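Undergrad: Residue-level listing of the chains:
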Amino acid sequence: MAAVHGDVHGHEHDDHHPSGIMRWVKTTNHKDIGTMYLWFSFTMFMVGGFLAMGIRAELYQPGIQILQPELFNQFTTLHGLIMVFGAIMPAFVGFANWQVPMMIGAPDMAFARMNNWSFWLLPVAATLLVGSFFVPGGAAAGGWTFYPPLSTQGGLGVDLMIFSVHILGASSIMGSINIITTILNMRAPGMTMMKMPMFVWTWLITAYLLVLVMPVLAGVVTMLLTDRHFGTSFFNAAGGGDPVLFQHIFWFFGHPEVYIMILPAFGIVSEIIPTFSRKPLFGYSSMVYATASIAILSCIVWAHHMFTAGMPTVGQLFFMYATMLIAVPTGVKVFNWTATMWRGSMTFETPMLFAIGFIFLFVIGGFSGVICAIVPIDIQVQDTYYVIAHFHYVLVSGALFALFAGVYYWIPKWTGHMYSETLGKWHFWLSMFFFNATFFVQHFLGLAGMPRRIPDYNLQFADFNMISSLGAFGFGLTQLLFLYLVIDCIRNGEKAPQSPWDGATTLEWTHLPSPAPYHSFETPPIVK
Amino acid sequence: MEAWLQNKAEEVNKITEKQSSVSILQIAKAVMAAFMGIRTKSDLENDAATLKPVHVVIGGIIGGLVFVICVLLLVQLVVRN
Numbered sequence: 001m002a003a004v005h006g007d008v009h010g011h012e013h014d015d016h017h018p019s020g021i022m023r024w025v026k027t028t029n030h031k032d033i034g035t036m037y038l039w040f041s042f043t044m045f046m047v048g049g050f051l052a053m054g055i056r057a058e059l060y061q062p063g064i065q066i067l068q069p070e071l072f073n074q075f076t077t078l079h080g081l082i083m084v085f086g087a088i089m090p091a092f093v094g095f096a097n098w099q100v101p102m103m104i105g106a107p108d109m110a111f112a113r114m115n116n117w118s119f120w121l122l123p124v125a126a127t128l129l130v131g132s133f134f135v136p137g138g139a140a141a142g143g144w145t146f147y148p149p150l151s152t153q154g155g156l157g158v159d160l161m162i163f164s165v166h167i168l169g170a171s172s173i174m175g176s177i178n179i180i181t182t183i184l185n186m187r188a189p190g191m192t193m194m195k196m197p198m199f200v201w202t203w204l205i206t207a208y209l210l211v212l213v214m215p216v217l218a219g220v221v222t223m224l225l226t227d228r229h230f231g232t233s234f235f236n237a238a239g240g241g242d243p244v245l246f247q248h249i250f251w252f253f254g255h256p257e258v259y260i261m262i263l264p265a266f267g268i269v270s271e272i273i274p275t276f277s278r279k280p281l282f283g284y285s286s287m288v289y290a291t292a293s294i295a296i297l298s299c300i301v302w303a304h305h306m307f308t309a310g311m312p313t314v315g316q317l318f319f320m321y322a323t324m325l326i327a328v329p330t331g332v333k334v335f336n337w338t339a340t341m342w343r344g345s346m347t348f349e350t351p352m353l354f355a356i357g358f359i360f361l362f363v364i365g366g367f368s369g370v371i372c373a374i375v376p377i378d379i380q381v382q383d384t385y386y387v388i389a390h391f392h393y394v395l396v397s398g399a400l401f402a403l404f405a406g407v408y409y410w411i412p413k414w415t416g417h418m419y420s421e422t423l424g425k426w427h428f429w430l431s432m433f434f435f436n437a438t439f440f441v442q443h444f445l446g447l448a449g450m451p452r453r454i455p456d457y458n459l460q461f462a463d464f465n466m467i468s469s470l471g472a473f474g475f476g477l478t479q480l481l482f483l484y485l486v487i488d489c490i491r492n493g494e495k496a497p498q499s500p501w502d503g504a505t506t507l508e509w510t511h512l513p514s515p516a517p518y519h520s521f522e523t524p525p526i527v528k
Numbered sequence: 001m002e003a004w005l006q007n008k009a010e011e012v013n014k015i016t017e018k019q020s021s022v023s024i025l026q027i028a029k030a031v032m033a034a035f036m037g038i039r040t041k042s043d044l045e046n047d048a049a050t051l052k053p054v055h056v057v058i059g060g061i062i063g064g065l066v067f068v069i070c071v072l073l074l075v076q077l078v079v080r081n
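Chains as they are written, first to last, in our numbering: chain V, 1 to 528; chain Y, 1 to 81.
If you are wondering where the hints come from, they were derived from the structure by calculation, not from laboratory data.
Since the model is a prediction, treat every value here as computed from it, not as a measurement.
Where hints are given, some of them may not hold.
[As the list claims (entries may be wrong)] A few chain V residues that face chain Y, going by a derived Cβ cut-off under 7 Å, partial list only: (1) Tyr-60; (2) Leu-317; (3) Ala-322; (4) Pro-329.
[Stated by the list, open to error] Here are the simulated lysine-lysine pairs, DSS-like style, with alpha carbons at most 25 Å apart: (5) V:Lys-279 with V:Lys-425; (6) Y:Lys-29 with V:Lys-528; (7) V:Lys-495 with V:Lys-425; (8) Y:Lys-29 with V:Lys-195; (9) V:Lys-195 with Y:Lys-41; (10) V:Lys-279 with Y:Lys-41.
[What the hints assert, rightly or not] Derived Cβ-Cβ restraints for the label pairs, each shown as a range: (11) V:Thr-192 with Y:Val-57: 31 to 41 Å; (12) V:Phe-50 with Y:Leu-65: 39 to 49 Å; (13) V:Gly-131 with Y:Ser-42: 52 to 62 Å; (14) Y:Pro-53 with V:Thr-222: 29 to 39 Å; (15) Y:Ser-42 with V:Thr-28: 18 to 28 Å; (16) Y:Leu-74 with V:Ile-379: 19 to 29 Å; (17) Y:Ala-48 with V:Gly-331: 23 to 33 Å; (18) V:Gly-331 with Y:Lys-29: 20 to 30 Å; (19) Y:Leu-65 with V:Ala-237: 31 to 41 Å; (20) Y:Lys-29 with V:Pro-513: 36 to 46 Å; (21) V:Gly-331 with Y:Ile-24: 43 to 53 Å; (22) V:Gly-240 with Y:Val-57: 31 to 41 Å; (23) V:Ala-309 with Y:Cys-70: 21 to 31 Å; (24) V:Gln-460 with Y:Gln-76: 38 to 48 Å.
The beta-carbon is built from N, C-alpha and C at its ideal position, and this holds for glycine as well.
Required output: the full structure, derived from the provided sequences and hints.
TA: Quick look at the structure:
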């Protein structure tokens, strides 16, 4: 095995990879591709963030000020689509590209050329999505869930969105197959499944979920496309179809999608908490089992998104009970993280701050999720700002905070430079403050009945909306600080040692220098 | 490396021997533990040494169906009253 790797990626090639733009276009190196994924997702995060700023600027006070309702709807729709498919998901795939091979002692991803292809599909899809703003009729405006009949009635923007989702789905499926194959076949000698770092485990399970549900999404958008242009009536009641069918198929994809965005976040946090507590992860095996359990349960709860769409009581109760039961394995995870910190020699560098912030705020998001799962309450709060607050606590302070934690944790290994701890701490505390200013008050707005996806509102909601908008502007500006911090780290950061973190035990810290060499683990390490 | 491979082959042989004598109860216990998300380390190591992935996958599918049926029965009970 070592000989084969030596032939393909011999030392003599180490310093002779292509340079300039072609290095990035033609690269099959997991680190280059990981870097591209991360920069791409940050760019899309800025685009999605710009749309969010537009939404919050319009909602700063009652009445229509900046965005006409049609454009407002396009902003909310594309904000959701871009953040989910363009920012959060590719960012985690970027982490997987960088970290999975290094953490299991593999030289690269299993299918290196397919890896290049799955990345380069993304800019094409993003161009279609963002470009749809400039076609006649503008972008899709039916919400990120593109329910019919709105999505069967929209203009060219909806078609561009459908093609974009097809391409993004193909990219995700290829990425997942690559990750599964890499993890199952390319682990270093001695790296048994139950010795794999939690991040690798969570990505393995996430990749299976992706392979399971992305074809469902591709199928449902194709049905939408044929309804729009080829005379079918899957979702058209006048032609014998049923618009609720769309909701069932979409959410069969959509709910596991939530876990696709949060399980790798669990993995990142499960690496960081033990490192900065200087203790092994409490209940490692329980964590693995809990992750598998969450993945299985995530596939049988989809209809809790559609309690008000018309459903027999038996169905409502089934999905309510099943949803609430997810709190059990999730609770196992939260208790395990807490137990890992218990009596540990903790220090609070920026990755740890973001990881603890993640636990604190994700638990709030989790609890509001259990509240939404209760049918009588959901009937009151569905389509209000309560739901917006709930899923932003899960996806921003959950997935995004974990991504920030991961960047701070691994950036010394990626760049060979330390980031500025002072700026990192500023980034954390400002993000924490502004995030809560933006979204905590939205719980109150939702409980008071303010509907989502509407550009105007009653005077009674004015104060909380103003606080929320100010918080959002602050949160947006804070992320520019993060961009500055990363560039400053790459250009001027102090040289990082092999392992700047005392408690880090995974292979990239114990076996590889910082920055990690272009080709690592050509000869696999032997794990004991 | 060769020594490691030889050891590995012996390990695999031992595991294969153990795997042929796995009971349904053990698979059920492993799957139930996975549903709860809690497992002791000794039980887990025993599972890792004796269970094949195919056991766990089939056990998981059956476990999932049993779980769905149990929740449905609970719902029927609640609705009947």
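Undergrad: Each hint should be assessed against the structure and marked as holding or not.
TA: Outcome of the hint check:
1. Tyr-60: Cβ of Tyr-60 (chain V) sits 43 Å from chain Y, so the hint is violated.
2. Leu-317: Result: holds, 4 Å to nearest chain Y Cβ.
3. Ala-322: Holds, because the Cβ-Cβ distance from Ala-322 (chain V) to chain Y comes to roughly 6 Å (cut-off 7 Å).
4. Pro-329: Interface hint status for Pro-329 (chain V): holds (4 Å vs cutoff 7 Å).
5. V:Lys-279 with V:Lys-425: holds (23 Å)
6. Y:Lys-29 with V:Lys-528: Answer violated: Lys-29 (chain Y) to Lys-528 (chain V) is near 29 Å, above 25 Å.
7. V:Lys-495 with V:Lys-425: Status holds; Cα separation ~19 Å.
8. Y:Lys-29 with V:Lys-195: Roughly 22 Å between the alpha carbons, so the hint for Lys-29 (chain Y) and Lys-195 (chain V) holds.
9. V:Lys-195 with Y:Lys-41: Status holds; Cα separation ~12 Å.
10. V:Lys-279 with Y:Lys-41: holds (17 Å)
11. V:Thr-192 with Y:Val-57: 31 to 41 Å: With a Cβ separation near 18 Å, Thr-192 (chain V) and Val-57 (chain Y) fall outside 31 to 41 Å, so the hint is violated.
12. V:Phe-50 with Y:Leu-65: 39 to 49 Å: holds (46 Å)
13. V:Gly-131 with Y:Ser-42: 52 to 62 Å: 58 Å Cβ-Cβ, so the 52 to 62 Å window holds.
14. Y:Pro-53 with V:Thr-222: 29 to 39 Å: Once the Cβ atoms are compared, 33 Å apart, the range 29 to 39 Å for Thr-222 (chain V) and Pro-53 (chain Y) holds.
15. Y:Ser-42 with V:Thr-28: 18 to 28 Å: The hinted range 18 to 28 Å is violated for Ser-42 (chain Y) and Thr-28 (chain V), with Cβ atoms some 43 Å apart.
16. Y:Leu-74 with V:Ile-379: 19 to 29 Å: Check passed, 21 Å falls within 19 to 29 Å.
17. Y:Ala-48 with V:Gly-331: 23 to 33 Å: holds (25 Å)
18. V:Gly-331 with Y:Lys-29: 20 to 30 Å: Distance hint for Gly-331 (chain V), Lys-29 (chain Y) holds at roughly 21 Å.
19. Y:Leu-65 with V:Ala-237: 31 to 41 Å: holds (33 Å)
20. Y:Lys-29 with V:Pro-513: 36 to 46 Å: holds (45 Å)
21. V:Gly-331 with Y:Ile-24: 43 to 53 Å: violated (29 Å)
22. V:Gly-240 with Y:Val-57: 31 to 41 Å: holds (38 Å)
23. V:Ala-309 with Y:Cys-70: 21 to 31 Å: 25 Å Cβ-Cβ, so the 21 to 31 Å window holds.
24. V:Gln-460 with Y:Gln-76: 38 to 48 Å: Distance hint for Gln-460 (chain V), Gln-76 (chain Y) holds at roughly 43 Å.
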